[in-house]
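**Q** Sequence:
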Amino acid sequence: MSLSDTSPRSRTRRPVARIGGSLFALARARLQWTLFAVGLAGPRRAFLALGLAGFVGGCFQPLYAEHPVAVGAAGNPGVVGKLRAVDVAVIDTPAGSRIARVSVNVRNELIYDLTGGGGGYSPTHRLDVKLTATQLQVIVDINTARPDVNNYGIDSTYTLTELATGRVVVRGQTFARVSYNIPGQEQRFAGERGLRDAENRAAKEIAENIRTRLASFFVAGT
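Residue numbers for the sequence shown follow our numbering, beginning at 1 and rising by one.
Hints in this document: simulated from the structure, not taken from any laboratory. Where a beta carbon is used, it is the ideal one built from N, C-alpha and C, also for glycine. Treat the hints with care, since some could be wrong.
What the hints assert, rightly or not - Here are the simulated lysine-lysine pairs, BS3-like style, with alpha carbons at most 25 Å apart:
no.: 1; residue 1: K130; residue 2: K204
no.: 2; residue 1: K82; residue 2: K130
no.: 3; residue 1: K82; residue 2: K204
As the list claims (entries may be wrong) - Restraint ranges, calculated between C-beta atoms of paired labels, are given here:
no.: 4; residue 1: Q187; residue 2: A133; range: 20 to 30 Å
no.: 5; residue 1: I142; residue 2: S122; range: 56 to 66 Å
no.: 6; residue 1: N200; residue 2: D92; range: 18 to 28 Å
no.: 7; residue 1: V140; residue 2: R196; range: 19 to 29 Å
no.: 8; residue 1: A164; residue 2: T222; range: 11 to 21 Å
Start from the sequences, fold in the hints, and give me the full structure.
**A** Take a look at the structure:
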């Protein structure tokens, strides 16, 4: 008997095997092409993203970026220079009150935030600020009915006036809310120290909010 099987059953197996191998080869080729295309698309997408980022990046600039102007050259100072030319008026508050000390703190914070501790700029604008303080009991001890945590707040309204024309160019309001602990009647000094620390934190937050608003005005003009 011959080793080769020439029966009809054997002859039908070979075409099926050839078709299965062809389909497998086709699927493998398509998979390789897909992986190749993805590999090419990856660098292309990365290159496109980097190019777009470089193009769009030129449209943005830091808010407090300085653009030095040579002496005698035409141009406007940057935001930092405009902020330094803002004169912070004395904040009117009742003498001897807690808010009077807070108002001095707010003004000092504003002067430092606007000028950076430097001087020598002729004022072009005047900033007027008004303050009111609030206190709210947040947590009360159910046994002694004494407050354990208080919330100290400052509400502020302000105006920016252009000195050359006397026109108010900015009107705004802002607020700050900070909490502090009250250890108890036996530690009154600690409670007083906590309140003063809350006043200082609220004053710094008010100054930062106003500075940010003025910087926005000097950039956008509104």
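**Q** Against this structure, judge whether each hint is valid.
**A** Hint by hint, here is what the structure shows:
| no. | hint | in the structure |
| --- | --- | --- |
| 1 | K130 / K204 | 15 Å, holds |
| 2 | K82 / K130 | 22 Å, holds |
| 3 | K82 / K204 | 21 Å, holds |
| 4 | Q187 / A133: 20 to 30 Å | 23 Å, holds |
| 5 | I142 / S122: 56 to 66 Å | 60 Å, holds |
| 6 | N200 / D92: 18 to 28 Å | 20 Å, holds |
| 7 | V140 / R196: 19 to 29 Å | 22 Å, holds |
| 8 | A164 / T222: 11 to 21 Å | 19 Å, holds |
Violated hints are absent here; each numbered hint is respected by the structure.
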